[in-house]
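Using the sequences plus the hints, can you model the full thing?
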Amino acid sequence: MSIEWIEPVLASTTSIGVVYLLGSLGEIYAERSGILNLGLEGIMAIGAAISFIITIAWGHALAFLVAGIFGILMGLLLAFFAVSLRLNQITVGLAITMLGLGLSGFITFPTTRKIILQTLNPELPGAVLETQSVSMLPSVPIPLLKEIPIVGPMFFNHNVVVYITLILAPLMWFLLFRTSAGLKIRSVGENPGMADALGINVFRIRYLTCILSGMFSALAGAYFMLGFQPFWIEGMTGGRGFITLSLIILSTWSPLRAIFGSLLFGGIEVLQYRLQLFGLGATSPQFVLMLPYAIAVITLSLLSVESFRKRISAPAALAKPYYREG
Amino acid sequence: MFKLERRVYPSRKTSGLVIFLSFLLAFFVTGLIFYFLGVNVVQFYSIIGNVFITPVLFLQAVFRSIPIILSSLGLVVAFRMGFWNIGAEGQIYLGMVAATGIVILHVFYDAIPVSLMLIAMGVASFLAGGAWCLIAASLKAKLGVNEVLTTLMLNYIAMLFVDYLVYGPWRDPEGWGFALSIPFPDYATLTFGGHPSVAGITISVAVAALVYVLFKYTKLGFVLSVLGKSSEVAKYAGMSVGRATLLGSLISGGIAGLGGFYVVSGMIGRLRPRASPGYGYTAIIVAMLAQLNPWLILPAGIFFGGLLTAGDALQSLLRLPASTITVFQSVIFLCIVLAEFFMRYKVVLKR
Numbered sequence: 001m002s003i004e005w006i007e008p009v010l011a012s013t014t015s016i017g018v019v020y021l022l023g024s025l026g027e028i029y030a031e032r033s034g035i036l037n038l039g040l041e042g043i044m045a046i047g048a049a050i051s052f053i054i055t056i057a058w059g060h061a062l063a064f065l066v067a068g069i070f071g072i073l074m075g076l077l078l079a080f081f082a083v084s085l086r087l088n089q090i091t092v093g094l095a096i097t098m099l100g101l102g103l104s105g106f107i108t109f110p111t112t113r114k115i116i117l118q119t120l121n122p123e124l125p126g127a128v129l130e131t132q133s134v135s136m137l138p139s140v141p142i143p144l145l146k147e148i149p150i151v152g153p154m155f156f157n158h159n160v161v162v163y164i165t166l167i168l169a170p171l172m173w174f175l176l177f178r179t180s181a182g183l184k185i186r187s188v189g190e191n192p193g194m195a196d197a198l199g200i201n202v203f204r205i206r207y208l209t210c211i212l213s214g215m216f217s218a219l220a221g222a223y224f225m226l227g228f229q230p231f232w233i234e235g236m237t238g239g240r241g242f243i244t245l246s247l248i249i250l251s252t253w254s255p256l257r258a259i260f261g262s263l264l265f266g267g268i269e270v271l272q273y274r275l276q277l278f279g280l281g282a283t284s285p286q287f288v289l290m291l292p293y294a295i296a297v298i299t300l301s302l303l304s305v306e307s308f309r310k311r312i313s314a315p316a317a318l319a320k321p322y323y324r325e326g
Numbered sequence: 001m002f003k004l005e006r007r008v009y010p011s012r013k014t015s016g017l018v019i020f021l022s023f024l025l026a027f028f029v030t031g032l033i034f035y036f037l038g039v040n041v042v043q044f045y046s047i048i049g050n051v052f053i054t055p056v057l058f059l060q061a062v063f064r065s066i067p068i069i070l071s072s073l074g075l076v077v078a079f080r081m082g083f084w085n086i087g088a089e090g091q092i093y094l095g096m097v098a099a100t101g102i103v104i105l106h107v108f109y110d111a112i113p114v115s116l117m118l119i120a121m122g123v124a125s126f127l128a129g130g131a132w133c134l135i136a137a138s139l140k141a142k143l144g145v146n147e148v149l150t151t152l153m154l155n156y157i158a159m160l161f162v163d164y165l166v167y168g169p170w171r172d173p174e175g176w177g178f179a180l181s182i183p184f185p186d187y188a189t190l191t192f193g194g195h196p197s198v199a200g201i202t203i204s205v206a207v208a209a210l211v212y213v214l215f216k217y218t219k220l221g222f223v224l225s226v227l228g229k230s231s232e233v234a235k236y237a238g239m240s241v242g243r244a245t246l247l248g249s250l251i252s253g254g255i256a257g258l259g260g261f262y263v264v265s266g267m268i269g270r271l272r273p274r275a276s277p278g279y280g281y282t283a284i285i286v287a288m289l290a291q292l293n294p295w296l297i298l299p300a301g302i303f304f305g306g307l308l309t310a311g312d313a314l315q316s317l318l319r320l321p322a323s324t325i326t327v328f329q330s331v332i333f334l335c336i337v338l339a340e341f342f343m344r345y346k347v348v349l350k351r
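As they're listed, the protein sequences go chains A and B. Using our numbering, the letters of the first sequence correspond one by one to residues 1 to 326. Using our numbering, the letters of the second sequence correspond one by one to residues 1 to 351.
Since the hints were made in silico from the structure, they are not lab data. In this text, a Cβ means the ideal position worked out from N, Cα and C, and glycines have one as well. Keep in mind that a hint or two might mislead.
Said to hold, decoys possible - Computed footprint of chain B on chain A, listed as stretches where at least three residues anywhere in the stretch have a Cβ under 8 Å from a Cβ of chain B: (1) 77-89; (2) 100-106; (3) 234-246; (4) 287-298.
To be verified - Residues from chain A that keep clear of chain B, each with C-beta distances beyond 12 Å, as calculated: (5) Pro122; (6) Gly193; (7) Phe231.
Given below as structure tokens:
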């Protein structure tokens with residue numbers, strides 16, 4: 001087997017892996033602070049839909065900005081329900097997923113989309129109003145580094161968002177595990193009552209991590225649209241938000257381990273396309289696609305086994321609302 | 001200024017009123033959202049209302065509501081015992097697989113007599129749906145694994161498993177290569193009573209009655225309710241918590257599996273990929289709207305079946321996408337979740 005075959009596979013492994021990695025960065029913070037955001041799938045969908053529309057109207061840069069803003073708004077909605085009103089995070093999250101999937105389908109529907117596009121930019125030519133595809137983010141190969149065999153195409157021949165995400169992951173790991181701000185976030189997720197007694201503002205931290213989770217999920221959706229699959233299909237996120245939640249479990253709530261996990265999940269997806277291409281797994285690509293979900297179930301089970309649980313476990317206050325008065 | 005006062009225990013009357021008001025709030029909020037998105041809101045609601053006063057459309061609403069009602073009744077059992085089963089969608093898919101499996105056993109291997117077909121399909125789909133729920137339940141009972149994430153992930157595994165079957169070994173050899181199972185023979189379809197919705201509503205009422213009896217009159221139902229209030233209390237009272245969790249979730253997933261049986265046998269007449277447009281998720285809203293009361297599940301479910309029916313009309317009359325209904329559903333969902341807040345707290349005016 002020649003190296004020409006392996007390099008594009010590894011390159012697309014990174015491309016798709018970054019969707020999961022970017023989506024996980026905010027949600028790892030949220031879960032570390034005790035917030036389980038099941039709305040991730042819907043926020044990702046809305047991020048993809050909005051970036052699709054805004055790219056047509058105003059271009060790539062603003063697409064990420066607007067998608068991020070909508071993600072923040074969805075995060076605030078989650079925070080208001082789950083932190084301020086202390087409602088059940090699971091039902092709120094599922095409702096947000098439903099809302100995101102619904103709205104993303106609604107605003108991209110040809111008739112509604114046409115009206116939105118004409119309002120945003122009246123000078124758009126008629127043909128653009130009907131298009132299902134957008135221009136992809138341009139690749140920015142890094143000179144010299146991209147020449148390295150295998151590592152070059154895998155990490156140094158991508159668009160800007162990939163680079164930013166790969167740099168952000170270790171930075172966010174450092175912030176979470178090596179700074180006092182990170183310690184505060186983690187203590188809120190382990191024992192909010194104790195954290196509160198020590199003078200940490202539980203509500204403020206959880207609002208912040210909800211916003212982060214919403215923002216990064218929407219950005220992941222925007223990246224998926226503009227950096228990986230630049231044509232709109234309703235429901236295109238197709239469970240990738242939940243795969244991101246699965247990645248977070250596999251990486252045991254660490255942004256650093258999430259880098260490796262995201263490459264694994266990206267690899268699984270690329271492998272599935274390849275298998276179909278070669279006719280090897282033509283009868284059962286579904287079993288490959290099941291892997292991320294199965295891995296989540298298995299990891300969760302292993303983490304609950306006594307000997308593992310002593311060393312590493314889910315944040316103790318995950319998905320539990322905090323009542324100050326007890 | 002306003003002040004929040006905690007209610008010790010909301011009365012049934014208060015809960016009902018709060019839920020009803022938040023249900024109305026959802027209509028208002030949805031109207032507001034769609035008004036800003038340029039939809040003719042009056043027409044939107046009149047199309048939805050029309051479904052419930054036109055007999056043909058109402059029958060269609062009932063038809064579409066059966067899988068929602070059945071899986072929602074399953075969720076009543078799970079939620080009452082404090083088991084956060086959000087895997088009804090996957091359990092529906094497993095029910096479909098089992099029912100289709102029986103048909104295939106019959107058609108290709110002649111294994112089951114014609115007279116027993118429907119019963120065998122029902123039992124198989126119940127057991128398959130129940131077994132799917134049991135995976136998450138036994139992980140919870142044995143290892144303490146949180147069921148929310150496991151049931152959620154199992155949904156996707158189930159959906160992909162159906163994809164595998166109809167694209168692979170169960171594909172109809174005479175189906176022109178489409179990803180469909182063989183069509184079910186007449187005696188394997190749920191059409192007693194002249195119309196599939198009659199058969200469906202009969203089964204639904206029977207299951208609702210069984211769930212009602214389970215909680216009202218049986219020991220298992222009592223144990224499950226105690227378990228739902230506090231697993232500690234259940235343990236101290238000497239109840240076998242693990243066994244009850246497993247039994248309850250078998251019943252919960254099993255009833256959702258019956259919903260899958262109805263989808264393939266009553267609605268489509270064969271198995272196809274993605275045969276459920278999210279019935280199992282809508283069922284969560286219905287269970288909460290009905291306040292886990294099995295009898296109230298029936299009208300609440302029919303309302304959501306009506307929304308699905310109205311979705312078709314919205315597409316043809318107002319040129320609105322099917323996702324319009326998803327938005328409306330999600331707003332109802334959020335409002336019902338919000339209702340919980342007003343059940344727990346009383347807003348009082350303070351001088």
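A quick look at each hint next to the structure:
no.: 1; hint: 77-89; result: holds (count 5)
no.: 2; hint: 100-106; result: holds (count 6)
no.: 3; hint: 234-246; result: holds (count 5)
no.: 4; hint: 287-298; result: holds (count 7)
no.: 5; hint: Pro122; result: holds, 16 Å
no.: 6; hint: Gly193; result: holds, 18 Å
no.: 7; hint: Phe231; result: holds, 17 Å
In the structure shown, no violation is registered for any of the earlier numbered hints.
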